[in-house]
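Q: Protein chains in written order, with numbering that gives the first Met the number 0: chain C, 0 to 85; chain F, 0 to 226.
These are computed hints drawn from the structure, not numbers from a lab. Errors might be hidden in some of the hints.
Claimed, not checked - List time: in silico DSSO-like cross-link candidates among lysine-lysine, alpha-carbon distance up to 30 Å:
no. : chain 1 : residue 1 : chain 2 : residue 2
1   : C       : K10       : F       : K141
2   : F       : K219      : F       : K141
3   : C       : K61       : C       : K10
4   : F       : K219      : C       : K61
To be verified - Partner residues aside, some chain F positions facing chain C, computed with beta carbon under 10 Å:
no. : residue
5   : G54
6   : L57
7   : F65
8   : P99
9   : N105
10  : Q106
11  : L108
12  : R111
13  : N112
14  : T122
15  : G123
16  : A152
What the hints assert, rightly or not - Ranges of calculated distance between the beta carbons of each label pair, as one might list FRET restraints:
no. : chain 1 : residue 1 : chain 2 : residue 2 : range
17  : F       : G123      : C       : V21       : 51 to 59 Å
18  : F       : H40       : C       : R41       : 36 to 44 Å
19  : C       : V76       : F       : K219      : 24 to 32 Å
No residue lacks a Cβ here, since even glycine has one placed at the ideal position from N, Cα and C.
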Amino acid sequence: MPRVVVDVMLKPEILDPQGQAVANALPRLGVSDVASVRIGRRIEIEFTGEPDLDRAREIADKLLANPVIEDFTVRVVTDETAGAPS
Amino acid sequence: MTARVGVVTFPGSLDDGDAARAVRIAGAEPVRLWHGDPDLHGVDAVVLPGGFSYGDYLRCGAIARFAPVMETVVEAARGGLPVLGICNGFQILCEAHLLPGALTRNQHLHFRNRDQVLRIEATGTAWTNAFQPGQEVLVPVKNGEGCYVADPATLDRLEGEGRVVARYLGGNPNGSQRDIAAITNEAGNVVGIMPHPEHAVEALTGPSLDGLGFFTSVLKHLVGAPA
């Protein structure tokens, strides 16, 4: 079933304390070559009919993201392309 | 005639009971409003209380903004109805675009719960006219996502137009930009505040009685307002 994936990320200039906390934990894993970590949110939408990118964009702009602090992208994925480990 | 002040209950509201009690102690009649009912039942003002509306899923206040009652509140607020958003209510007002900016996760990531000194910066609003300019008040603060952010132009506009209503003194509990604790809209009828004045209205349960001023202010405002 094709679906629309909406990725929401805090804008670059907005402090992401969650990402920072994760970044600060990485040295404890022995990882020392990470400059920064930012954490976002992925939302998958399945329409009853064909995936509708314009509708998804509207949903994202009005509800899924707060444009004051967040950016978002929308894309259609099929089962073959959806988040398969590469 | 006693003023009637509506207090909205959303699924997940916590402080609606305290807000209604504060309204009563201030001398008004609290009217409980339900999130699914768009009718404001003729109230003279509305309080959006603290808590975790709709579980704070997605973002704090993001889903509450689309509650049936909010469509009516937004319209009435644009027409001058006094609306006070406390904590989660502040978040809802920002999500509903009645106030600019947004509330994000506290910078230190900790939930903060303490008595907080605020300086009242704007006394021309419907909810702060009982205070003196520069008056310091003590009210509890308790939030996990109370860090106020907006772009620099918006912050400058708020400062320039005297719309920063209250600022944190003696330590910023959440990293809010420019120590902002409360702001108002252009007309001064809509105020969002992150600390909890409704928890400082009785000696038994609060650190002071300073919070009462917010609720007596709206009564004063309503008496002065044209019918």
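Q: All hints are to be evaluated individually against the structure, with a verdict given for each.
A: Cross-check of the supplied hints:
1. For the hint linking K10 (chain C) to K141 (chain F), the alpha-carbon distance of about 26 Å falls within 30 Å, and the restraint holds.
2. For the hint pairing K219 (chain F) with K141 (chain F), the CA-to-CA distance comes to about 28 Å; that is within 30 Å, so the pair holds.
3. With a C-alpha separation of about 16 Å, the suggested pair K61 (chain C) and K10 (chain C) falls inside the 30 Å cut-off, and the hint holds.
4. Restraint check for K219 (chain F) and K61 (chain C): not satisfied, since their Cα atoms lie roughly 36 Å apart, outside the 30 Å limit.
5. Against a cut-off of 10 Å between C-beta atoms, the interface hint on G54 (chain F) is violated, since the closest Cβ of chain C lies about 15 Å away.
6. Below 10 Å, beta-carbon pairs count as interface contacts, and L57 (chain F) has one with chain C at about 7 Å; its hint therefore holds.
7. The beta carbon of F65 (chain F) comes within 7 Å of a beta carbon in chain C, closer than 10 Å, and the hint placing it at the interface holds.
8. Here the hint on P99 (chain F) is kept, as its CB sits about 8 Å from the closest CB of chain C, short of 10 Å.
9. Satisfaction of the interface hint for N105 (chain F) is found here, the shortest Cβ-Cβ separation to chain C being roughly 7 Å, below the 10 Å cut-off.
10. At about 6 Å, the closest approach between the beta carbon of Q106 (chain F) and any beta carbon in chain C falls short of 10 Å, and the interface hint on this residue holds.
11. Hint status for L108 (chain F) relative to chain C: holds, with the closest Cβ pair at about 5 Å, below 10 Å.
12. Among the interface hints, the one on R111 (chain F) is violated; its C-beta lies about 13 Å from the nearest C-beta in chain C, farther than the 10 Å criterion.
13. This hint is violated: N112 (chain F) has a C-beta 18 Å from the nearest C-beta of chain C, more than the 10 Å allowed.
14. The closest approach between the C-beta of T122 (chain F) and any C-beta of chain C is roughly 27 Å, which is over the 10 Å cut-off, so the hint fails.
15. Hint status for G123 (chain F): violated, given a least beta-carbon distance of 25 Å to chain C, over 10 Å.
16. Taking 10 Å as the C-beta cut-off, the interface hint given for A152 (chain F) is violated, the closest approach to chain C being about 12 Å.
17. A beta carbon spacing of about 44 Å between G123 (chain F) and V21 (chain C) contradicts the range 51 to 59 Å that was offered as a hint.
18. Evaluation of the 36 to 44 Å hint for H40 (chain F) and R41 (chain C) yields a pass: the beta carbon distance comes to about 41 Å.
19. Distance hint check: the CB atoms of V76 (chain C) and K219 (chain F) are about 57 Å apart, inconsistent with the given range 24 to 32 Å.
Comparing the model with each numbered hint stated earlier shows that hints 4, 5, 12, 13, 14, 15, 16, 17, 19 do not hold.
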